[in-house]
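*Asks:* Those sequence lines, one after another, are chains A and B. Heads up, the first sequence is in numbering that gives the first Met the number 0, so the first residue is 0 and it goes up one at a time. Heads up, the second sequence is in numbering that gives the first Met the number 0, so the first residue is 0 and it goes up one at a time.
What the hints contain is simulated information worked out from the structure, not anything from laboratory work. For glycine and all other residues, C-beta sits at the position ideal for the given N, C-alpha and C. Among the clues, some could well be false.
Residues from chain A that face chain B, not an exhaustive set, calculated with beta carbons under 7 Å [what the hints assert, rightly or not]:
| hint | residue |
| --- | --- |
| 1 | TYR105 |
| 2 | PRO108 |
| 3 | TYR201 |
| 4 | ARG294 |
| 5 | GLY295 |
| 6 | LEU296 |
| 7 | ARG334 |
| 8 | GLU345 |
| 9 | ARG353 |
| 10 | GLN364 |
| 11 | LEU369 |
| 12 | ALA441 |
The calculated label-pair distances, taken between Cβ atoms and stated as ranges, are [what the hints assert, rightly or not]:
| hint | chain 1 | residue 1 | chain 2 | residue 2 | range |
| --- | --- | --- | --- | --- | --- |
| 13 | B | VAL60 | A | ASP454 | 28 to 34 Å |
| 14 | B | ALA83 | A | ARG485 | 55 to 61 Å |
| 15 | B | ALA83 | A | SER497 | 46 to 52 Å |
Subject to a maximum C-alpha distance of 35 Å in a straight line, what follows is the list of computed DSBU-like cross-link-like pairs (lysine-lysine) [to be verified]:
| hint | chain 1 | residue 1 | chain 2 | residue 2 |
| --- | --- | --- | --- | --- |
| 16 | B | LYS41 | B | LYS14 |
| 17 | B | LYS14 | A | LYS422 |
| 18 | A | LYS422 | B | LYS41 |
| 19 | B | LYS14 | B | LYS93 |
Spelled out from the first residue to the last, the chains are:
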Amino acid sequence: MSAIAPLLRDVTALRAAIAERRVGVLEVVDHCIDVIGRRDGELRALREVYPERARRRADAIDAALAGRRDDPSAAGLLAGVPVVVKDNIVTDYGTTTCGSRMLDGYASPYSATVIERLEEAGAIVLGKANCDEFAMGSSTESCAFGATRNPWDLSRVPGGSSGGSAVAIAAGYAALALGSETGGSVRQPAALCGVVGIKPSYGRVSRYGLVAFGSSLDQVGPFAHSVGGAAMLLQVIAGRDERDSTSADLGVPDYLQALDDRVESLVVGVPVQYRSDANDPRVAQAIEQAVEVYRGLGAEIVEIDLPLTDYGISTYYVIAPAEASSNLARFDGIRYGHRAVPEPGEVLEDLYARSRAEGFGPEVQRRIMLGTYMLSAGYYEAYYRRALQVRRLIAQEYARAFERCHVLLGPTAPTPAFPLGGKADPLSMYLCDVYTVNTNIAGACAISIPCGLADEGGRRLPIGLHLQARPFDESVLLRAARMFERATDWSELVVAPSA
Amino acid sequence: MPEPLTTREVEHVAKLARLRLSEEQVERYRTQLSDVLAHIAKLGELDVAGVEPMAHCIEFVNRLGNDEPAPAMPLEALLRNAPAVEGSYLAVPKVLDDGGGA
Chain A
0 MSAIAPLLRD
10 VTALRAAIAE
20 RRVGVLEVVD
30 HCIDVIGRRD
40 GELRALREVY
50 PERARRRADA
60 IDAALAGRRD
70 DPSAAGLLAG
80 VPVVVKDNIV
90 TDYGTTTCGS
100 RMLDGYASPY
110 SATVIERLEE
120 AGAIVLGKAN
130 CDEFAMGSST
140 ESCAFGATRN
150 PWDLSRVPGG
160 SSGGSAVAIA
170 AGYAALALGS
180 ETGGSVRQPA
190 ALCGVVGIKP
200 SYGRVSRYGL
210 VAFGSSLDQV
220 GPFAHSVGGA
230 AMLLQVIAGR
240 DERDSTSADL
250 GVPDYLQALD
260 DRVESLVVGV
270 PVQYRSDAND
280 PRVAQAIEQA
290 VEVYRGLGAE
300 IVEIDLPLTD
310 YGISTYYVIA
320 PAEASSNLAR
330 FDGIRYGHRA
340 VPEPGEVLED
350 LYARSRAEGF
360 GPEVQRRIML
370 GTYMLSAGYY
380 EAYYRRALQV
390 RRLIAQEYAR
400 AFERCHVLLG
410 PTAPTPAFPL
420 GGKADPLSMY
430 LCDVYTVNTN
440 IAGACAISIP
450 CGLADEGGRR
460 LPIGLHLQAR
470 PFDESVLLRA
480 ARMFERATDW
490 SELVVAPSA
Chain B
0 MPEPLTTREV
10 EHVAKLARLR
20 LSEEQVERYR
30 TQLSDVLAHI
40 AKLGELDVAG
50 VEPMAHCIEF
60 VNRLGNDEPA
70 PAMPLEALLR
80 NAPAVEGSYL
90 AVPKVLDDGG
100 GA
């Protein structure tokens, strides 16, 4: 067992080891490339790996650190920290495909703002992580390049859409990973893989260079093995960006500074709707135990009523497909992306329709169709306008809840990881996100942290605790999550089997 | 509960969405999309009279960029991913039939 594996689970310790030159950055990168080489044949979490580029950057950072023994922080907050990024965040090296044949081989001419910020902070991008096609899915099965497996049980899904990013952390490929969320695509795979995942408030992180899906819902979010690691990554990527007019013009608090401070008189809200009979009993039990952990830490527990919880999926499956059908109209096979082989005498419009039919997989086609239908003449009022009205009601319901509590507590997902192919019916897949979509609809922030392991035929499957906080209240969210992490052993116990 | 979609409606939507679908795909999507629409019909239960639609969860005002010239992206970088080019142009099939143009 390498001495580096445990360091990847504790970014603070990794940074200290690198800064004090107890471990070389190249050694860290070599370890990660080795683990990826040994494990990814079966896990299929990464679509592309950049070993040479990563080693070059490692050498450069090692050299810079050797010259700065007096001030190791000068090399950046994430100096030498290995990171994996979801395949819908563009880099000006390698390719970015969104898990789609439509973008097979697409080499972006620019890098996303989050990539620039990561690399300025000294992080080393190891590769691109698999995801559901165009981030549409909850299992990473709709990826055109093959489904990703859950390291806890290879016959099960890792969740999605950012499944590859979650697996990269769970299987020890990297210390940190970036995913993206439209309705739970960071938190749900984090829960199913036993890692930490954050959905930042809408506007907290720049979307420039994140391939657009549902523009009023999308956010980039961090994965790590611990709350502290995820907070560190959020610290680096958060903040206004001139190139994204929806990034909020608000200062970024020091998330790390206050992480271990007690939240004075923390009030935890438990919505009655989150204690649904539809939850797996092992999930329900783990969540009740989490409530008792907070009670034991002196938090006040209050019951909250969120009657619109059950309307979230319906609202989401109007807004997200409507926005997706507009955003994905750009893929026409002309400027970039897949183009069908032109047929003699074919006019341009036929070429568009054949290129899109060949390039997009079934889930993407379904959502484009759904969005197109709901935005078409005669249906706009009944679907889109009504969903936007319900969106306001949901946001108001959240605002009222946060007048009574600091965080809302519940399960991230109703069940642990399900078998590959277990949700072939699209609607049953959509219902996986019942507890997460309303966060995006309301623009709030949320986190999933490990809170238990379910026995499943001799194997163990992770369970995720979901905490939500009001928009731009990430500091309180992170502190509440850290309180739980420190009081329990879950972040130590939830380590995926290594083979 | 809304009526299930008809084959003609699905074909029309596919045309609007610029997706050339097979008969078998049309039928599969007809069933699946009808199921999803039946679920979404739940929104009809809520009284939304007088509620202002919320397009964005954070109510931003338009933000104008600074009107400062900056270098454009190099042409070769933009054309690198194009499926077909002629010189420094994107190549496409004829937009109009013969004899229909200028």
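*Asks:* Hint by hint, note whether the structure agrees.
*Replies:* Checked hints:
| no. | hint | verdict |
| --- | --- | --- |
| 1 | TYR105 | holds (6 Å) |
| 2 | PRO108 | holds (4 Å) |
| 3 | TYR201 | holds (5 Å) |
| 4 | ARG294 | violated (31 Å) |
| 5 | GLY295 | violated (34 Å) |
| 6 | LEU296 | violated (31 Å) |
| 7 | ARG334 | holds (6 Å) |
| 8 | GLU345 | holds (6 Å) |
| 9 | ARG353 | holds (5 Å) |
| 10 | GLN364 | holds (6 Å) |
| 11 | LEU369 | holds (6 Å) |
| 12 | ALA441 | holds (6 Å) |
| 13 | VAL60/B to ASP454/A: 28 to 34 Å | violated (53 Å) |
| 14 | ALA83/B to ARG485/A: 55 to 61 Å | holds (58 Å) |
| 15 | ALA83/B to SER497/A: 46 to 52 Å | holds (48 Å) |
| 16 | LYS41/B to LYS14/B | holds (28 Å) |
| 17 | LYS14/B to LYS422/A | holds (29 Å) |
| 18 | LYS422/A to LYS41/B | holds (22 Å) |
| 19 | LYS14/B to LYS93/B | holds (20 Å) |
Against the hints set out earlier in the document, violations occur for numbers 4, 5, 6 and 13.
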